Each structure stands twice: as structure tokens, then as C-alpha cells.
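Chains as they are written, first to last, in this note's numbering: chain V, 1 to 215; chain D, 1001 to 1215; chain E, 2001 to 2215; chain F, 3001 to 3215; chain B, 4001 to 4215; chain W, 5001 to 5215; chain A, 6001 to 6215; chain X, 7001 to 7215.
In short, the hints are calculated from the structure, not lab data.
Since the structure is predicted, the reported quantities are computational estimates derived from the model, not experimental observations.
Take these hints with a grain of salt, some might be off.
To be verified - Simulated crosslink set (SDA-like; lysine to any residue; CA at most 20 Å straight-line):
#1 W:Lys5014 - X:Ser7088
#2 B:Lys4014 - E:Tyr2165
#3 A:Lys6043 - B:Tyr4165
Protein chains: 8
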Amino acid sequence: VRQGAGEVVYGAGKTAEQIAAIIEALRDAGQERILVTRLDSEKAARTSELLDNGIDLGYVPDAQLALVGGKPSPTGNGRIVVACAGTSDLPVAEEAALTAEFYGNEVDRLYDVGVAGLHRLLAHAEELARAQVVIAIAGMEGALASVIGGLVSCPVIAVPTSVGYGANFGGVAALLAMLNSCASGVSVVNIDNGFGAAYQASLINHLSAGTPRAR
Amino acid sequence: VRQGAGEVVYGAGKTAEQIAAIIEALRDAGQERILVTRLDSEKAARTSELLDNGIDLGYVPDAQLALVGGKPSPTGNGRIVVACAGTSDLPVAEEAALTAEFYGNEVDRLYDVGVAGLHRLLAHAEELARAQVVIAIAGMEGALASVIGGLVSCPVIAVPTSVGYGANFGGVAALLAMLNSCASGVSVVNIDNGFGAAYQASLINHLSAGTPRAR
Amino acid sequence: VRQGAGEVVYGAGKTAEQIAAIIEALRDAGQERILVTRLDSEKAARTSELLDNGIDLGYVPDAQLALVGGKPSPTGNGRIVVACAGTSDLPVAEEAALTAEFYGNEVDRLYDVGVAGLHRLLAHAEELARAQVVIAIAGMEGALASVIGGLVSCPVIAVPTSVGYGANFGGVAALLAMLNSCASGVSVVNIDNGFGAAYQASLINHLSAGTPRAR
Amino acid sequence: VRQGAGEVVYGAGKTAEQIAAIIEALRDAGQERILVTRLDSEKAARTSELLDNGIDLGYVPDAQLALVGGKPSPTGNGRIVVACAGTSDLPVAEEAALTAEFYGNEVDRLYDVGVAGLHRLLAHAEELARAQVVIAIAGMEGALASVIGGLVSCPVIAVPTSVGYGANFGGVAALLAMLNSCASGVSVVNIDNGFGAAYQASLINHLSAGTPRAR
Amino acid sequence: VRQGAGEVVYGAGKTAEQIAAIIEALRDAGQERILVTRLDSEKAARTSELLDNGIDLGYVPDAQLALVGGKPSPTGNGRIVVACAGTSDLPVAEEAALTAEFYGNEVDRLYDVGVAGLHRLLAHAEELARAQVVIAIAGMEGALASVIGGLVSCPVIAVPTSVGYGANFGGVAALLAMLNSCASGVSVVNIDNGFGAAYQASLINHLSAGTPRAR
Amino acid sequence: VRQGAGEVVYGAGKTAEQIAAIIEALRDAGQERILVTRLDSEKAARTSELLDNGIDLGYVPDAQLALVGGKPSPTGNGRIVVACAGTSDLPVAEEAALTAEFYGNEVDRLYDVGVAGLHRLLAHAEELARAQVVIAIAGMEGALASVIGGLVSCPVIAVPTSVGYGANFGGVAALLAMLNSCASGVSVVNIDNGFGAAYQASLINHLSAGTPRAR
Amino acid sequence: VRQGAGEVVYGAGKTAEQIAAIIEALRDAGQERILVTRLDSEKAARTSELLDNGIDLGYVPDAQLALVGGKPSPTGNGRIVVACAGTSDLPVAEEAALTAEFYGNEVDRLYDVGVAGLHRLLAHAEELARAQVVIAIAGMEGALASVIGGLVSCPVIAVPTSVGYGANFGGVAALLAMLNSCASGVSVVNIDNGFGAAYQASLINHLSAGTPRAR
Amino acid sequence: VRQGAGEVVYGAGKTAEQIAAIIEALRDAGQERILVTRLDSEKAARTSELLDNGIDLGYVPDAQLALVGGKPSPTGNGRIVVACAGTSDLPVAEEAALTAEFYGNEVDRLYDVGVAGLHRLLAHAEELARAQVVIAIAGMEGALASVIGGLVSCPVIAVPTSVGYGANFGGVAALLAMLNSCASGVSVVNIDNGFGAAYQASLINHLSAGTPRAR
Ligand SMILES: Nc1ncnc2c1ncn2[C@@H]1O[C@H](COP(=O)(O)O)[C@@H](O)[C@H]1O
Ligand SMILES: Nc1ncnc2c1ncn2[C@@H]1O[C@H](COP(=O)(O)O)[C@@H](O)[C@H]1O
Ligand SMILES: Nc1ncnc2c1ncn2[C@@H]1O[C@H](COP(=O)(O)O)[C@@H](O)[C@H]1O
Ligand SMILES: Nc1ncnc2c1ncn2[C@@H]1O[C@H](COP(=O)(O)O)[C@@H](O)[C@H]1O
Ligand SMILES: [Mg+2]
Ligand SMILES: [Mg+2]
Ligand SMILES: [Mg+2]
Ligand SMILES: [Mg+2]
Ligand SMILES: [Mg+2]
Ligand SMILES: [Mg+2]
Ligand SMILES: [Mg+2]
Ligand SMILES: [Mg+2]
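Chain V with its partners taken away, still in its complex shape (with noise of 0.2 Å):
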């Protein structure tokens, strides 16, 4: 098993009734809790009528995404801060915070700093600068990356989001700015993976001194 207690389950281009055996099959083989991600809201009603009495599929419509069995306590060494620009970017910024809770971390969620108003970004000061990491998400220009980027001096996992219109190109554009990010210790992972962030913001979050834990 991953990094202890969870395991994932990545939900498109399966079937409810696909996602419904495998979390019989890892609850059977004594797996507590399952993160189901990529999953809308039609196929979670079905899936949670296929599962057997006792199970409950725990769907968080909001991030499309299932958390059987809840969350664990939280076990990194600091905070994760979530930080994006408002409504159109909540799904991605859901499926990281929840993923990171998922794997045992402190959230701090900053859902309305988009740069265009930077005061709402500045007052948010103190979360920044205790997080251990930060996930910068970001559509359109994704200019987030770059400004959270030169405020903190801890690591910023970008995420562009396929949020917007015409020459965003399905997140290309945001995807570019953060690749190209001026400030240091920025890193991008693909247009929309939320969970791919926080994964990874774990892992960082989870580090201790001399060998990492044994996988």
C-alpha cells in the first residue's frame, strides 16, 4: 500500500459497476479507506447503489471525487496551503485539497486570491508563510504560479486548469506561464490534475530527515 492507509482509484473511462468491485475488493482485502477520483455525479449514484450495505461511497460532488472511509488524522510535518482565483478553478482545487487530506495533511484552502486583485492574495500573508508547500492553481494566465512563487520561499506545485476560452487553448496558456514561472522553485504538473499536486505536496510534507520512509 501507498504511503500507508489509502488507496486511489482513478474513476474515468471506468464503469460504476468496475469502480463498485474494486472498492468491495479493497475493503474485502482490508483496505479502510479509498479515494475515488474523476468522478461525476451520475456514476457516483450509481456506484453507491452497487455497493454492498455498509459501504458508503462518501461523494464529494464539488471535487468529483469519493472519499470511502473518510479522512485519516493529519500526519506531515507542516501545512498544505490550496490557493485559487475562484468558482470556475473549485473542482481542481477540491480534488488537491482533498486529495492532501486524503494522505494526511493540514489544508489551509485560499479560494478567492486571483492577481487581478492582489490585496485579497496579500492578506492572506500569514497561511503562506507557515505552509511547508504550496499549490498554486490557476487558469487562464495562471499568473498565481509566479506571484505565490515570489511571496513564499517554500516549494509551489503549479496547476494549470483548462479553465477559459478561445486562445487559453484548454489550459496550454496557463500551462505555458507556469513552465516559464520568473520566480524560483515553481514546478508544474498536467493541465487539471489536482490530485497529481497533492500527491506530490505529500510526499514533501510527509519527508523526514536522513532515508524516506520505505515505500
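Given chain V's structure and the hints, the job is docking chains D, E, F, B, W, A and X with the ligands onto it.
Just chains D, E, F, B, W, A and X with the ligands now, with coordinates in the frame of chain V:
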């Protein structure tokens, strides 16, 4: 003659001989001030040699342009701010600033205001607040346009530059970022087109109520 | 409040419930006029039902937007021309024209002036000559911006549209054409972004000499 | 031999030695007239030296081509117009014009007719009206093809050029514009392919009713 | 009226109501024959219902177009060949063929001549030899244009189609292949633009020596 | 050692000193035959000077490679055909042909068989029919792979070349065409990768029934 | 008939009526086995209904294809391995595996061997070692082709799939990775083209020494 | 000062004069250690000459950087592994390794571990297992990041390099592969950005529980 006193020559793809000939013809026709853009140092030197006595090319190496006949007194409604992050964007910034001055505008240069060091930008709140137009010049992730767009209430003309490497694709990353700016009031010109931004900024800064000036 | 009396809501990616709630909150806070952009007919109908008695959504299907509280009296320095080629560009053109009116500008609509029939454009020389700003909207090859840029001496804001097929690549062909315009005085906004063009045009049309209006 | 009297050699990627050898072989085989395209001045000079006495290379630096044996008398049905905006498109325009003449066509050159100055194009209504084919050559935004396409009722062959910088992407902006022309009757050849446009224009100008000429 | 007797309506993005109204207006204005392109079956049915008695829409589902008033007698100098590989290219091929007939041309259809079975193409040497123009239509790798270009000595107008999947990128693969054709005499129109190819082919097939027809 | 007797060194990005040292080390280790690819003439000359007495570099300028120790006797099941259109594709074709010979294959070279002159290709029906594998090399529109794929019933490995200009985008046009080939039995390697095609062709030509050779 | 007993029909873009008619015509002409690819479940059901009594469509939903007349006895020289990472690549993998069986090959399926879990791939060293050809199928980063290419000494045909999201661009990421494989002996087919890979693999697996089979 | 003792200068686009002046100013201000990246040998030599007595530039040609004042003693929590495939990726790998050492990290270099020879990578299981962070550097198909990501449980920072040709598009192939990695725990920096990867790796390796270090 466009916009009163000045005529502009696009130097790229013209020989020193051609440029010198054009300058002399324009001077003979009574044109006092001539701007030659995209003129490298070598070609400028040869052009200078070719010019008849009495004509000073007025070459500015940092901006790769020549200002024959110098700059006029400012005639605009207000001031134009030219903002960029630092040394690598300087040639484009100076092309913009000198073009604006050539067309009769007062210019404030803010040349060390990259978004990875927000405090340097915020320290110039006053110049930004009194601008009629801001020209925001940035390579890499091009975030400067959005950040400035959020700070000011005047029009912002964004100029992406080809500064950077790898996935900046010769300025495409900054161009896309600027086109997708989440700040309202931002429009964009071609990569490295400091001239074009300044030309439009000057038009804006010279508008008067009612019918615009005859062309 | 930005630019005086009006507030704007970006309707894409918001539910009717969210939009109705925002409108009511803004009205309760004393906001008289609200513009909701990117609102399709179906969502508009649902929003309308959800609104409290006494609030008229003011939906305009042709522009896919709603003007709660109507338009103000014009306050700009001059007139804004909105020009496009024909029926397929109309939604973007009306988004631009109504946004401009929402922000207090007088608008001249030139809606049948594609470059394949130059005489129709040339017949409007008078409206073009008296414009403070022209918004040039075109899909396909986007040539309208260059042709108008050559005819007028005021700023031109170009809006590429996604109209076309095949190698237009959803508006990229027009976008590139406009960024490479051989006419000076042209800047560009994102594909289909009629709102953004009108917002900047309004800023330009409301500039006064000296210090710009406080934000 | 294709289209009667002339043979063509594509000079790019061939050495002066190879080109001289091909010319001599063709002359020995009785070929009177030979066109060598894409031949830079240096290679032309070396080729000239290598040629046996009596053969004049007939190099034209402006078009980067050589016309061994000169041009034939025109044999086409009508005239071909070659139109472009100015100095930077000249090499492509002259490649087209001289190729057309090499294949026996009368050519009208309209070389200062960019769309940012419509009156200059409109002043040539007569030449345009009497053309059998127009070759419209343009870099940057490539709008010339659409504007001419709207003015004439004969076929227009559009040649995008690589003239420009930044988001012109080596001619892609003009290429896409021309492929998306809103004017009917326009087809397109490869970027900078003045030869190809002229070759097809010549085919069109030499068509006779009924069966076309044997190949 | 363009090219004499026929008027054309681009159906995409127009409602059945708009199309019916345009048809009736044109008929009232004395226009006998009207071509409506890009008209899907459903919209055609509704248009048909809306038309006044006595007007037959003349819808052709295979070509997604309507021929109100039928086809005229051929008036061109010779014949136009329309060639393609098979079933998937048929809609584009028929759009081209019927457009050509609508403008008064005789058309030879070669519809099973993909380059993976060369003998089928070579079996049609006679039709190809007597063509005034060939319209070569192909998706996937678009090789047909080059192969036909090598076989004939008349102009070839190439139409890339969006047929294929994966790295065909909606017709880009075929478009690029055709623009880079190693055969001379080939020009290209937009992806799936059967109409545009036929329109230009008709212009070519109706050229007469000397001055072209007035527009 | 890969495939028995021969070892290969990729010369690009290595200095003459490094290459000479590698060759000597391999010879000292008993390696008789060494292939050095992507070696330009200048670097080859310096490498030759650096080599100890007794080692002949065996440089072939046309293929930009060196064959230390010459070629072995052929050991394959049958013959490999290497086909291309002409002079500009020759370096890639010779890289392929000599690599195939280096790995113990008999090679038939068909070097003047571009699709614009089909008869030249059809004249080689016999060589094509007896091939175990065909390597089809083409730049520009890359149609050769499809045409050959339709003629033969053995595997075809297609090599796009960077030959061409403008919209060939350094070989992308040919690459896409080959990936979209309508002929079955065609696979593709990287642009200009004559070595890779020949390596796989040799593997195919050396397969024996049952278990393949140990590596 | 190509390669003996089987005929193939490309189902995409054909109606159930067309497919049923083709199957019956081929059966009437004596064709025993017919493969129909790219056939979705709905169209398959309709096709099945339309077929005359006695013809079983043999539809395989997982591979989206039909095998009329079943599979022949294997006739190849050895075995073909089809390898992929997991559930999402299955449709392409089964298209490849069943196509290979249709053409008379024995197939080993390795379907859970993604590179993020190397041990699963390494556990299949034996099947890999005895393959005549490996078909390596992968979406996302497409690394499987390189890893397998390094492990085996037989030819590898790589199939990029469109599986993934964001910057996978519908399979382009995997396609580029495979074209740039650092392992020798790898060639590539179009995105999702399991059929094409299997067709070429079958050709390779049926090669005999000397002259290949007549077509 | 960033991260304690060291200051970094980006050498690209600065003259030797500028670089020398910056170094001297920093030394005068008490900065002991300075890293200058992207410094070619020629510029380094000139910079060295310009420096005052007593300052040693500490140029490392293999990494194209200078380490003024040498490296500090390591202060990180654990070790950083820098892994790449071979000679062509060395400059980027050394930029990463030396940057990491400059910021006080112990580095393990694994420089011959390309995925086409898995055994070489697997032989380093021990170094990989004890890493706090792995920097995976690869050109061509970039598969190394995914393979390492599957082997380790610590964070992996992937650096695509521009090594390769043809369809690698200057590093885009590797970049896309890395962004689409099927292994969790991988994030990506810009093409060739060894510095950026090492900077973030150092931040991760210096994190302590609770509040991170003040900046
Ligand atoms: N939203 C996501 N985006 C990318 N990868 C994911 C996501 N959710 C889960 N994964 C990965 O998918 C794996 C599970 O895939 P599977 O076995 O197909 O369910 C996990 O180990 C994660 O590495
Ligand atoms: N059609 C549009 N395109 C781009 N931006 C828009 C559009 N309509 C509104 N906006 C911007 O969206 C902001 C409101 O966003 P929101 O708070 O999400 O409703 C406004 O201030 C505008 O800057
Ligand atoms: N500038 C050009 N661009 C494209 N094709 C050309 C050009 N010049 C000549 N050609 C073609 O190249 C062929 C001659 O090629 P070659 O035999 O290699 O010299 C001619 O038949 C033309 O089709
Ligand atoms: N899935 C597939 N992908 C690509 N080509 C295919 C596929 N299935 C069949 N084909 C090709 O399509 C041809 C049949 O096409 P058609 O005659 O249109 O049914 C076959 O000979 C194959 O070359
Ligand atoms: Mg930072
Ligand atoms: Mg603003
Ligand atoms: Mg103007
Ligand atoms: Mg016309
Ligand atoms: Mg021909
Ligand atoms: Mg074949
Ligand atoms: Mg191998
Ligand atoms: Mg891992």
C-alpha cells in the same frame, strides 16, 4: 504625414543604402523628425556614414533605433507608463518608450518591476495611478500585464517579449498569458512589438473629446 | 465599484442559482445596473424565474447577456464604432456593443462591412472618421482589423472570432492575422472576447486629461 | 519538356557545380531556356564562372533566380497581375513575375498595394479588371488576398510570405488567413512559393477550350 | 449577381427561418437558381416546410446542400474532374461537383481513386487528360493531389478533408501535404471546402481570352 | 553487442576527441566494425587525424557517417529496398542504405522515384516485388510511403525528411502524411531517422521462425 | 484478396445498412472471413439485425470490431506480443490482438505492464524473449515502447493511444515520445491504430526467406 | 538574500562586463558565494579577465556555470539524486547537480541510466531508495521520469532536455511525456531548466517541521 510631425521607417530588411536614401528624401521633403526602428548597430554605423553632412542619425543602441531630428515637446493629455521586469526586456521597453516620446508623449519608465518581486511594483503606485495608458512588457510567463491590469483603471497595452527559453516558444507563452488576462482593460500587440504598443498608446493619449484629429 | 455605476458577472460556469443569488446580493447592496455575460437562453430563463419580484433580468438573446437595470445615459468623450462582417459575428458584436453601452458609451454599429465587399465599408467613412475608438470584429481571415486600421486614425481594438471552419482553428487564424496587422494603432483581445474589447474601449472613451478617474 | 520551351531547376540544396552541370547538359540536349530558382548571389557567381563560354547565366539578384536564355514572347490568353505590399515581399513577387514571364505570360506588377493603404490598391482597378489571374503575395496578416479577391472576378492565387516577426510564425499567420479567405475564388500555395503560384497561373492563362495541351 | 445566373447562401450558422426568408427574397428579386451549402438534413426539412408553395428546395443529402431552381446548361470551356478516394470523402466531393454544375460546368466524377490502389486512378487517364481543371479531394495523408498533379498538365485545386483520426488533426495532415506538393500546378483551399474549390475551378473553366467577364 | 558483429556510435553532440577515443576503445575490445552516424565532414577529418595508425575511419560524406572496418557479408533472409525521390533526400537515404549494409543486408537503392513522376517508380516493380522490407524516404508531402505501400505486400518503414520549406515545418508535413497513410503495412520513424528505419528493417530481415536470436 | 483468407472493412463513417450490404456481398463472392473495425455497439446491433440468416456478425464489444466467420488457424513464423498498461488502453489492444489473430497469428497478451510498475513487465521476460514482433500500446507518456524496445531484440511497433487528459493532447504526447524513442528497433503507427500495427506485425510474422508472397 | 549564503546570477543575455560588475558588487556587499548560470566559455574567459585580483570565477565548462567562492558544507535533511541518460544530457545534469551543491545539498549523480538499458538504472536501487528528492533529466522521449517515479517513493522533479532531433521539437516531446507521467509524485520544470529543478529540490531538502525558514 501620420500624426503630425514624425515619420517612421521600419529598418528590418532594408539596407543601409536604402535607409540613408529614405532619410534624405524625407528631409528634402521637409520632414524634420524621422524614427528608424529595428536598426542594428552595424547597419546604423553604415547608415550614419552614408548620410549627407548635417544629418545626425541619433542612433540609440539600447533600443536598436534612430531618432533623426530628436524628440518633440510633449503634446499628450497625460503620461504613459512603460513597465517591464529587467535587463532582458530593455530593448523592447526602450523601443516603446522612445517611440512614445517621438510621438509627443511624456513617459515614466518602470524597469525593475517583475512579478516575482511584487514590492518593487507596488512601490510605484503613484506613477501607475497617474498614467493615461500603461504599456506592460514581459517575457517568460507574461504575468506583469495581469498584475498591473488589476492595479490600474486606465487602459493597459501588453507587449509579450521573446525573452526566455524552452517552453516559452519565442514569446508564445507570454502572448497567450496576456491574451487570457483575467484583468479587464488589457489588450495585446505582437511579440516584441514595442513600437506598435507605443503608437496606439500615443493615439489614446492624444484623443480629444468629439471628433478625433484628421489623419 | 468599477467605473461608476455598473457591475459585471461572468455567467459561464455559474449555475442559474448562483447567478440569481449574485444579482440579488448586488441589488441589495445598492447596485442599480448589472451586466451578466455568457448567459445562454436556457440558463437565462431559469435565472429569471429564480429572481425575486421586481427584478427584470433584461436578457438579450442575440448577445447572450443580460442587462439588469438597463443602460445608463452616455458619459464618454465621443462615440465607439463596433464593426463586423455579418450574421455569424453578431453575437460577439452585440456583446461588445451592449457592454459599451452598459459602461456609458454611444455606439455606432456597422454590421455588414466584410472586406470581400469593400464598398460597403467605404460607405461608412463618416462614422469611422468620428469614432474615438473602433472595435473591429472578424472571424475567418480577420482582415477587417487591418483594413479599418488603415482607414482611421483612432485606436482600433481587434476581436478575432471563432467563426469559420477547418484551418481557422477556432479563431486562431483571425487572431494571428490581427496580431500581425500591418496597420499601426491596432491591438487585440482574446478570441470572441467582445466584452474585453468594449471594456477597454470604454476606458479609452472616458479618459480625461491629466490624472485618470479614481478607481 | 513541360509547357513547351522552358525547363526549371530548383537551386536550393544543389551546389554550383551541380547546377552548372545541369545547365550545360540541358543546353547540350537542345534546351534553349532554363530557369534556376532559389539561387543566392554567391552560388550564382560561382555557377557563372563554371559555365562554358557562351552561356550567360542571366542572374536576377532581386528574385534570387537565373534565366538562362532569357524570356520567350508571351503566348497566354491574357495578362497575369502580380500584387504585393512592398519591399520585403519583393523577392517572392519577382520570383513569381519572372517565372510567369519565363512561361510565356505578360505580367503587370502592382508592388505597393498593402491593405493599410487601400487607395493605392484601388488606383489599380484597371489592371486588376483585365487580369486573367491575379497572384496576391503578402506576409504579416495576409489580408491582401481577401481584399483583391473581393475586387476581381478572375481566379486569385495567394502566396503567403514569411515576412514579419513574432506571432507570424514564419508565414503561418498569412497562410491561415489566406486559407480562410472570405472572398470566393482564392486558392493558396506554400509559404514563399512564388514559383508555384506563377506556374499554376501560367497553366490557367494558357488553357484553351476543349482538350488541354498535351503534356 | 456573382457569375451570372446563380446566387449562393452559406447555410451554416443560419436558422431554417433565415434561410427560407433569404430564398424567398432572392426569388422575389428574380433570382432563378440558388445554391444553399452546409445545410444538414434536419434544417433542410424545416426550411422546405417554411418555403412558399411553388418553391422546391432541391435538397441533396449526400452533399448537404440545396439547389433551388436546379442546374443550368453547361457554359464552360471544357470539363472539370472531381476526384476522391471513397465513401468518407463523398460529402465534400459532391459539394464540389454540384457547385461546379450549379455554375455551369460539365463534371466528371472519379470517386474511387485512392493512392493505395494506383491502378484505379491510372484507369481514368482519359478523363484526366481532357480536364480543364482537376479538383483533387483527399483526407488522411492527402497524397492524391500530388499523384494527380504529376499525371495532368492542367491546374489542380486540392481540397484536404477532415476524414481520418488521431494525427490527422481534423484535416491538417492532408492540408500540409497538399501545400507541400512536389508536383507543380497544385494550389489548395481550406479543409473540407469543396465549394471554394469548385467556385475557382468554374472561374478558370469560364475564362476567355483577353479581358475577363465583367463581374 | 547488438546484433552480432557491429557497434554504432551516435556522432552528434560528441567531439572528434570523444569519437576517436570510443573507436579506439571498441577496437581494443575486439570490435571489428563500427558505424559512426551524424558525423559532419569537418569532424570526420579531425577524428581521422586523431585515430592511431592502422585504423581507417571509412568516412562517407554523402551519408554523413563512417564505417570503420567496412561492411560484412550479407546475412539476411532477403533484400531491403531503400526508395526516395531525389538529391535532397540522399543523405537520409544513404544513412539508411549503409546502415542496412552495416548490419548485413543486401540493399536495392531506388533514388529517383518521386510521386510526381509515377512512371519512374512503376518501372521498378520488380525490385519492389522481391523486397523483404521497403524503406520509403520522402520530404515535402511524404506521399511516397502511401504509394509504395499500395504497390507492395511486405512491410514498409517510412522516413519523413526535413526537406522542403514553409509549411513543411521541418518535416512535420511528411511525418503526418506518413502516420495517416491510407495504405496498410506502413509504420513510421522520426524525421530524418534513416538509421532507425534501417535498424528495424534489418531486424525484420533477420527474423527466423520460432524464437528470435538472443540479444 | 490481401494476405489470403481475410477481408477488412473500416466501419467508421459507414451506416449499418452499408456495412451489412458489404458483408453480404463479400460472403456471396466467397469470402469466408471478414473483419469490421471501428464498429460501436449500437451500429453492431443494427448490422446484426440486417444480416441474412446464417451470418453471425461475431461482434466483440471490448475491441469495437466484428469477426465474421471467426479466426483462422495460425500460420505465422512465431508469436506476436501485444502489451499495454491497463484498462483504458484495452480497446486499442484488443483491436490489435484480434486483428493479428484474424490474419493468422498467435498472440500473447500482456495487459498490465505499465512502466510505473516495472516488476510486472519484467515478470514477462519469457513471453517478450520469444516474440517475433511486439506491439507496444500506451497512452499518457508512452514510455512503454522505449522500455520494451530496450528489453527485446525483435521489432517493436508502437501504438500511441488517446488515453489521458490535459497536455496529452489526444495522444500527441505518447506519439511524440514513441517517435523519439531512445531504443532502436521501434517504429510507430497513428494514434489508436491497433489495426495498422497488427497488420504490419502480421506481415512481418509471415515473411519467408527470399521473395515475399505474391499479393 | 535567498536561502542564506548564496546569490545567483542568470548569465544569458548579460555581457561579461555586466556580469563582472555584478559579481564585484555582490562581493563588496559581503556575499561570499555567487552562482552564475548559462555562461558560455568565451564569456566566462572575458569575465575572468575583468574581475579584480583575488576573485576566482570558478568556471565549470561542463555545466556552463561559475561558482564564485566555491560550495558550502551540506546542510540539507538528506541527499538529492540527479539522474540522466548520458553525454548529451550532461550540461543540464551538471547545472542541476552543482546548483544543488551550491545551495548546501549532498548530491548523488547517476549519469548512465537511460531507459533503453534498464539494468543500469536498477543497479542503483540503493541510491534511489535513500534520496529525499530525485531530479530526473531526459531528452528524446523523456521516459526516465516515469520509470524512476515508479521506483521511488520520494518526490521526483523532471527536467525535459532539448536533446534530440526531428519530432522532439526542441524538448517538447520530453516535456509532454513528463507532464503526462503515469507515475504519481512527479512534477516538471521548463525544458533544460536544471537550475530550477535543483532550486526546488533544495527547498524540499531543507524543509523542517512546522514553520518554514524565513525568507
Ligand atoms: N485525477 C487523477 N489524475 C491523474 N492520475 C490519477 C488521478 N487519480 C488517480 N490517479 C492515478 O491513478 C492511479 C490508479 O489508477 P487505476 O488503477 O487505473 O485506478 C493512482 O495510483 C494514481 O496514480
Ligand atoms: N465575456 C467575458 N469574457 C471575459 N471576461 C469577462 C467576460 N464577462 C465578464 N468578464 C470578467 O469577469 C469578471 C467577473 O467575473 P466573476 O466575478 O467570476 O463573475 C468581470 O469583472 C470581468 O472582468
Ligand atoms: N522555388 C520553387 N519552389 C517550389 N518548387 C520549385 C521551385 N523551383 C522549382 N521547383 C520545382 O522543382 C522542380 C525541379 O526540381 P529539381 O529537378 O530538383 O531541380 C521543378 O519542376 C519545379 O516543379
Ligand atoms: N481501425 C483502422 N484504422 C485504420 N485503417 C483501417 C482500420 N480498419 C481498416 N482499415 C483500413 O481500411 C481499409 C478498408 O477501408 P474501406 O474499404 O473503406 O472499408 C482496409 O483495407 C484497411 O487498410
Ligand atoms: Mg519563492
Ligand atoms: Mg484595470
Ligand atoms: Mg490607423
Ligand atoms: Mg472574386
Ligand atoms: Mg501537373
Ligand atoms: Mg501494402
Ligand atoms: Mg531492442
Ligand atoms: Mg513514486
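Subject >> Holds or violated: Lys4014 (chain B) to Tyr2165 (chain E), with C-alpha atoms at most 20 Å apart >> reply: holds, 15 Å
Subject >> Hinted pair Lys5014 (chain W) and Ser7088 (chain X), Cα distance within 20 Å >> reply: Given pair Lys5014 (chain W), Ser7088 (chain X) holds - Cα atoms ~8 Å apart, limit 20 Å.
Original post:
Is the straight-line distance between the alpha-carbon of Lys6043 (chain A) and that of Tyr4165 (chain B) 20 Å or less?
Top reply: Satisfied, since the Cα-Cα distance of roughly 19 Å is no more than 20 Å.
This entry satisfies every hint, going by the numbered hints stated previously.
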